[in-house]
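All chains should be modelled from the sequences, with the hints used to inform the complete structure.
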Amino acid sequence: MRVHDLSGGGGVLVRVHEAARAAARAHGLPGAEITLINVSENATYRVDDPVTGVRSILRVHRLGYHATPAILSELAWLDALREEAGVRTPRVIPAPDGSRVLTVPGAEPRHCVMFEFLPGAEPPEDRLAAGFERLGAVTARMHRHARHWSRPAGFTRFHWDYEAALGAESRWGRWQEGLGMEADALALLRRLDEELRERLHRFGRDPHRYGLIHADLRLANLLVAGDEPPSVIDFDDCGFGWHLYDLAAALSFIEDRPQVPELVDSWLRGYRLVMDLPVEDEAEIWTFIMFRRLLLVAWIGTHTGADIAAELGAGYTAGTCDLAERYLSGTLG
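In numbering that gives the first Met the number 0, the protein residues as written are 0 to 332.
Quick caveat, the hints were computed from the structure, so don't treat them as lab data. Honestly, I wouldn't trust all of these hints.
To be verified - Per label pair, the in silico range of CB-to-CB distance:
1. 264 - 104: 46 to 54 Å
2. 321 - 34: 33 to 41 Å
3. 183 - 81: 23 to 31 Å
4. 33 - 204: 36 to 44 Å
5. 125 - 193: 33 to 41 Å
In this text, a Cβ means the ideal position worked out from N, Cα and C, and glycines have one as well.
Shown next as structure tokens:
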């Protein structure tokens, strides 16, 4: 099992905090206040400059997840979406030497990126249906842009296909080693895994179904202000995957809530304002929701330092089993 390096306890986070301070100094902010916002794949900090009052966001990357060319590729798409597709994304703030990706030296060199601070807050749960319609439209604009975008030379991002997520690569760890994985759960989720693998194989990877996606459009990566379309942040997991995976990711950690069918319908309405989505694709939405859900079982098992993973724990595995029973019996959707 691949243990996420930021789950390594307080000593690791002390070193990450030191890297954040070093990155702030390299950006000409030696006296800035550095505040940890969250730990997920990376550590994210709020940086407040007491001299100018300007606030920015600093991302300190986990070790070994992305090399510099992959991070630069992410930032290139983030820029292109803002400039060419009308999707609000944060601007990158280069270091004084022009570096968009700053590598802080040391025993554990860390890649760091500084972003502008965008206004807004995570979508409120009492208005999710309207928010999902706007999110569907934004997602379609992203997919449409990616389909026609001439990617720059050297563009490289990983894939979110079956092998990368649940198969031989298991980028976030093996779901079989998730929390609370008793024998009955293991047997049931193995059946789910086999069904997902077969359905995804049949679904295929034609360009109208599979391409460059955000891959982590969960609520925590959206910022809303009033009735405006959401700003989209944290493209760290963007890569090549199924378009419907972006819908599944938007439902991360809330897949078992009773309002999910309404949210799916809202997302589809918004999406179809921009792009077509064939009914045969729509029929597999729950395949992608369960695909993401099983991947998150693995993620929780290898990211115990993340607040949401600690909060959900083994209960998320139990809930996944309940959904799997319904999915395999054909009573979901």
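- Okay, residue 183 versus residue 81 on CB: inside 23 to 31 Å? violated, 48 Å
- For the range 33 to 41 Å, tell me whether the beta carbons of residue 321 and residue 34 fit it or not. holds, 38 Å
- Verdict for residue 33, residue 204 (Cβ pair) under range 36 to 44 Å: The hinted range 36 to 44 Å holds for residue 33 and residue 204, with Cβ atoms some 42 Å apart.
- Message: Against the range 46 to 54 Å, how does the distance between the Cβ atoms of residue 264 and residue 104 compare: consistent or not?
- Response: holds, 51 Å
- Query: Given a hinted range of 33 to 41 Å, is it respected by the beta-carbon distance of residue 125 and residue 193?
  - Reply: Roughly 38 Å apart at Cβ, these two residues keep to the hinted range, so it holds.
In summary, the one numbered hint that this structure violates is 3.
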